Amino acid sequence: PTEKGIRLISYLRENGAEFLTSAQTTGEWEACLKMIERGEFEADQFMDGIRQTTRDLIEILRQQSLTIPGAVFEPVGAPCPQCGQGVEANVAGFQCSAGCGFTLRREIATRQMTNQEIATLLKTGECTGLKGFYSAKNKRKFDATLFIEGTEIKFRFEEQPQTSLSCKCPKCDSTMASKERLVLCTECDFKVWREVCKRDLTDAEMVKLLTAGKIDLVKGFKSKMGKKFDAGVKLNLGDGKVELVFAER
Numbered sequence: 001p002t003e004k005g006i007r008l009i010s011y012l013r014e015n016g017a018e019f020l021t022s023a024q025t026t027g028e029w030e031a032c033l034k035m036i037e038r039g040e041f042e043a044d045q046f047m048d049g050i051r052q053t054t055r056d057l058i059e060i061l062r063q064q065s066l067t068i069p070g071a072v073f074e075p076v077g078a079p080c081p082q083c084g085q086g087v088e089a090n091v092a093g094f095q096c097s098a099g100c101g102f103t104l105r106r107e108i109a110t111r112q113m114t115n116q117e118i119a120t121l122l123k124t125g126e127c128t129g130l131k132g133f134y135s136a137k138n139k140r141k142f143d144a145t146l147f148i149e150g151t152e153i154k155f156r157f158e159e160q161p162q163t164s165l166s167c168k169c170p171k172c173d174s175t176m177a178s179k180e181r182l183v184l185c186t187e188c189d190f191k192v193w194r195e196v197c198k199r200d201l202t203d204a205e206m207v208k209l210l211t212a213g214k215i216d217l218v219k220g221f222k223s224k225m226g227k228k229f230d231a232g233v234k235l236n237l238g239d240g241k242v243e244l245v246f247a248e249r
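Taking the UniProt record's numbering, the leading residue of the sequence shown gets 1, the next gets one more, and so forth.
By construction, these hints were calculated from the structure, which means they are not laboratory data. Since this is a predicted model, take the numbers as computed values, not measurements. Even glycine gets a Cβ: it sits at the ideal position worked out from N, Cα and C. Each hint should be verified, as a subset may be incorrect.
As the list claims (entries may be wrong) - Cross-link-like lysine-lysine pairs, in silico, DSS-like; alpha carbons within 30 Å at most: (1) Lys154 - Lys214; (2) Lys234 - Lys141; (3) Lys179 - Lys241; (4) Lys227 - Lys141; (5) Lys137 - Lys234; (6) Lys214 - Lys141.
To be verified - Here are the in silico distance ranges between beta carbons for each label pair: (7) Gly16 - Glu40: 47 to 53 Å; (8) Cys100 - Phe246: 51 to 57 Å; (9) Thr21 - Lys224: 17 to 23 Å; (10) Thr21 - Asp230: 55 to 61 Å; (11) Lys179 - Ala98: 16 to 22 Å; (12) Glu205 - Glu42: 54 to 60 Å; (13) Gly226 - Gly129: 46 to 52 Å; (14) Thr110 - Glu40: 36 to 42 Å; (15) Glu28 - Lys139: 31 to 37 Å; (16) Lys224 - Arg105: 20 to 26 Å.
All chains, please: the whole structure from these sequences, using the hints.
So this is what it looks like as structure tokens:
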């Protein structure tokens, strides 16, 4: 193994991920796969275990990301919000150059922050006009301003302009308003997000969906693998979620 590989193995063993370096782990997984082939073990149960292991591993490595052996730091030209000394960065994140304990991961809501953006945030207290964040909870992309309170980084959302749609809320019969990323009722809590499989529904499509409850065919969706496809859509009036409908073959 190379020097870098040796450092990686040592790092994994020292930070709770030693199972990745173990031949026993490989053997156990191969045994499970053979049991699945023979019908003696459920594939879903095996994959659930893999997913949980992956989540645990990611969290371990995130917590330790700033201590990766061989990490090279460079100054970002901004003061530490905790002690006023400098802040330095590496590929994983940011930390106080004086070692006061302040750290910040480079990834915020799945978006990789640049050194200049973090420098602006630390020097002025905010960084505006940031695009490309992603909410795992809502499964939606969003744009926001980042601002800092003490040493805590927070989001601030700009009010989006809105116009009225030529249809009524299917829940309370009030006026529906159109915004960049969603349409929503002006009176109750009903709302529908525009983006479905990496395609935004237009105002005209939204009106048809809200009025008829479905659209037989919408073109231009994209799968997680980037493959384009067409499908119908229908609206769940209970929670405002848009579901895909595929024609029977």
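Of the hints given before, which are not true for this structure? Failing hints, ascending: 1, 7, 9, 10, 11, 12 and 13.
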